[in-house]
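**Student:** Chain residues, written in single-letter form:
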Amino acid sequence: MKSRLSAAVHGWLLLLPAMALLVAFTHWPAVASLVESFTSTPRPRRPSRFVGVANYEQMLADPVFWQSLVNNLRFALGTIPLAIGLALLMAVWVNDRIPGRTFARMAYFTPTILPMIAVANIWLFFYTPQYGLLEQVTAALGLPSHNWLGSRETALAAVTLVAVWKEAGFFMIFYLAALQGISPTLAEAAALEGASRWTFFRRVQFPLLMPTTLFVLINAVINAFRTVDHIIVMTRGGPDNATSLLLFYVYQVGFNFWDTSYAAALTVVLLVMLAVAALVQYGWLERRVHYR
Amino acid sequence: MSGVPLAGPAVRRRPAPPELRPSPYEPTGFWRALEGLGAVLLALLWVLPLLFAVWAAFHGAEDTARLDLDAPLTLSNFRRAWEAAPFARYFLNTIVLVTLIFAGQVVLGTLAAFAFARYDFPGSGIAFALVLVQLMIMPDVLIVENYRTMSRLGLVDTIPGIALPYIASAFGIFLLRQTFKTIPKELDDAARVEGASALQVLLRIYVPLAKPVYVAYGLVSVSYHWNNFLWPLIVTNSVEARPLTVGLQVFAGGDQGVDWAVICAATLMTSAPLLVGFLLFQRQFVQSFMRAGIR
Numbered sequence: 001m002k003s004r005l006s007a008a009v010h011g012w013l014l015l016l017p018a019m020a021l022l023v024a025f026t027h028w029p030a031v032a033s034l035v036e037s038f039t040s041t042p043r044p045r046r047p048s049r050f051v052g053v054a055n056y057e058q059m060l061a062d063p064v065f066w067q068s069l070v071n072n073l074r075f076a077l078g079t080i081p082l083a084i085g086l087a088l089l090m091a092v093w094v095n096d097r098i099p100g101r102t103f104a105r106m107a108y109f110t111p112t113i114l115p116m117i118a119v120a121n122i123w124l125f126f127y128t129p130q131y132g133l134l135e136q137v138t139a140a141l142g143l144p145s146h147n148w149l150g151s152r153e154t155a156l157a158a159v160t161l162v163a164v165w166k167e168a169g170f171f172m173i174f175y176l177a178a179l180q181g182i183s184p185t186l187a188e189a190a191a192l193e194g195a196s197r198w199t200f201f202r203r204v205q206f207p208l209l210m211p212t213t214l215f216v217l218i219n220a221v222i223n224a225f226r227t228v229d230h231i232i233v234m235t236r237g238g239p240d241n242a243t244s245l246l247l248f249y250v251y252q253v254g255f256n257f258w259d260t261s262y263a264a265a266l267t268v269v270l271l272v273m274l275a276v277a278a279l280v281q282y283g284w285l286e287r288r289v290h291y292r
Numbered sequence: 001m002s003g004v005p006l007a008g009p010a011v012r013r014r015p016a017p018p019e020l021r022p023s024p025y026e027p028t029g030f031w032r033a034l035e036g037l038g039a040v041l042l043a044l045l046w047v048l049p050l051l052f053a054v055w056a057a058f059h060g061a062e063d064t065a066r067l068d069l070d071a072p073l074t075l076s077n078f079r080r081a082w083e084a085a086p087f088a089r090y091f092l093n094t095i096v097l098v099t100l101i102f103a104g105q106v107v108l109g110t111l112a113a114f115a116f117a118r119y120d121f122p123g124s125g126i127a128f129a130l131v132l133v134q135l136m137i138m139p140d141v142l143i144v145e146n147y148r149t150m151s152r153l154g155l156v157d158t159i160p161g162i163a164l165p166y167i168a169s170a171f172g173i174f175l176l177r178q179t180f181k182t183i184p185k186e187l188d189d190a191a192r193v194e195g196a197s198a199l200q201v202l203l204r205i206y207v208p209l210a211k212p213v214y215v216a217y218g219l220v221s222v223s224y225h226w227n228n229f230l231w232p233l234i235v236t237n238s239v240e241a242r243p244l245t246v247g248l249q250v251f252a253g254g255d256q257g258v259d260w261a262v263i264c265a266a267t268l269m270t271s272a273p274l275l276v277g278f279l280l281f282q283r284q285f286v287q288s289f290m291r292a293g294i295r
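These protein sequence lines map, in sequence, to chains A and B. Per this note's numbering, residue 1 is the first one in the first sequence, and the count goes up by one each step. Per this note's numbering, residue 1 is the first one in the second sequence, and the count goes up by one each step.
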């Protein structure tokens with residue numbers, strides 16, 4: 001009826017507009033960052049030129065880069081397990097017919113639809129010395145005053161908590177959907193065998209939720225390297241770079257210091273981290289999560 | 001989910017279908033109460049920062065930090081915030097922005113998804129893999145090079161400049177492709193036998209059948225771009241182009257001192273449309289996010 005050639009032409013024509021924009025704003029900038037990272041930043045009197053790995057040498061010697069990298073890894077290791085664990089707990093809770101579950105489900109999910117920047121402003125107020133709610137609670141308990149965002153020891157933990165608060169309810173709904181998809185006959189069979197609730201969760205529900213966990217994990221990892229809105233609002237990377245994350249440092253170098261070549265080199269590092277995360281998750285984890 | 005029918009005498013003769021019987025692991029009595037208490041306490045903890053912001057926004061500055069339930073309520077913080085910054089313009093910009101992005105995403109996404117779902121063309125596998133790359137490496141991360149592109153195109157500080165990197169969305173293409181694939185090929189063939197063109201088939205059969213998915217995608221896309229901040233912050237620098245999020249930051253980070261009451265009012269104001277929408281259409285929101293996430 002229709003020749004293969006015209007099918008091919010039609011297919012590509014339909015795809016063309018989306019593909020052109022994808023290439024222009026995703027693939028091309030990724031490649032351009034790599035190319036750019038081997039050149040110098042153009043200045044009024046010195047045009048850009050090839051400098052080899054000079055930007056990467058600068059990076060290796062840059063303590064702020066290392067600090068941002070370590071901060072980002074700690075931020076990821078803090079948010080990912082906490083957000084996923086809480087999401088699972090929330091889902092198990094609101095999946096049961098407990099009193100107040102409609103309210104609970106709404107409360108958990110609300111942070112998801114708020115802008116991160118609004119959330120950050122609210123939490124900034126929450127953490128404020130003297131005025132903030134946290135300070136009022138700790139003062140009522142007779143604890144000493146503490147500047148949560150202003151001290152090196154607690155600032156990263158404080159912004160990590162904000163990200164957990166924002167994300168957990170979003171992940172909850174995927175667990176909730178998955179829990180509701182598990183056949184109730186499994187629970188009946190397990191109960192006949194005399195399995196405790198904990199055993200049922202650990203041996204039946206949790207393994208069946210593994211694909212959901214993988215999906216949530218991928219999202220959590222991407223978010224850990226992409227979310228910097230709250231850093232810009234709450235700490236601007238401070239105090240003393242204690243909350244600087246990789247993307248925030250890219251932003252700072254690229255748009256405050258206007259050192260675009262160095263920012264491109266930092267972007268490449270960020271892309272490599274995301275690519276490694278993708279390979280680990282799709283290549284290695286994917287094969288072991290499916291419960292048979 | 002809710003509304004489990006009570007088992008009347010007529011129903012009692014045969015067992016209820018499995019999905020309506022309570023799970024044997026449902027907690028009862030004391031444990032049920034304890035679990036409910038835990039869930040509600042966590043929920044209260046979860047809304048606490050938000051409630052605190054609502055408190056501050058509706059009270060005078062002198063009552064911001066004093067949690068006195070008799071303190072008089074006021075709307076003056078909202079009025080002051082509205083007058084201190086061009087929020088009306090920011091609202092307009094954001095509405096134009098999210099509309100532009102979603103319209104673009106729907107058109108390009110539908111065409112591309114149709115190609116992937118129903119056309120067998122050389123290179124489609126590679127093209128699809130290239131699309132999926134964007135799920136992992138989003139434009140959010142490529143700010144330096146995209147800014148350079150926008151300045152070459154002369155689109156810095158314009159609303160299309162904010163929108164353009166997001167109009168081709170791997171997420172949308174993937175979502176629509178999955179949906180189109182579930183539509184029976186026979187419907188498609190029958191329409192073509194009747195003489196319908198490819199475009200007519202797409203518009204008369206595929207798009208109407210995928211309507212719930214478009215609604216879900218719309219809610220997710222609009223809330224994402226209503227909330228997006230870093231890229232608009234970088235690419236805009238005037239009132240004419242700035243969306244709400246950036247306007248809020250310029251306002252809150254500016255030099256009106258730290259008047260928390262006014263900042264909280266502005267914060268609530270910018271989130272209000274989504275928040276109210278969510279409270280009214282809770283189920284649709286949750287189901288949309290769920291549908292959009294599960295592949």
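It should be emphasised that the hints constitute simulated quantities derived from the structure, not laboratory data. The model shown is predicted, which means the values in this text are computed figures rather than measured ones. Beta carbons: idealized from backbone N, C-alpha and C, even for Gly. Take these hints with a grain of salt, some might be off.
[What the hints assert, rightly or not] Cross-link-like lysine to any residue pairs, in silico, SDA-like; alpha carbons within 25 Å at most: (1) B:K211 <-> B:V222; (2) B:K185 <-> A:V9; (3) B:K181 <-> A:M19; (4) B:K211 <-> A:G150.
[As the list claims (entries may be wrong)] Here are a few chain B residues that face chain A, going by a calculated C-beta distance under 10 Å: (5) E26; (6) F30; (7) F52; (8) G60; (9) V96; (10) T99; (11) F121; (12) G123; (13) P160; (14) L164; (15) Q282.
[To be verified] From chain A, some residues computed to sit far from chain B (all C-beta separations above 12 Å): (16) R43; (17) V51; (18) G52; (19) V53; (20) Q67; (21) P99; (22) A104; (23) P111; (24) N147; (25) F170; (26) A195; (27) N219; (28) R236; (29) P239; (30) N241.
**Student:** Against which earlier hints does the structure fall short, listed by number upward?
**Tutor:** Numbers 4, 6, 8, 9, 10, 13, 21, 22, 23, 25, 26, 27 and 28, in rising order.
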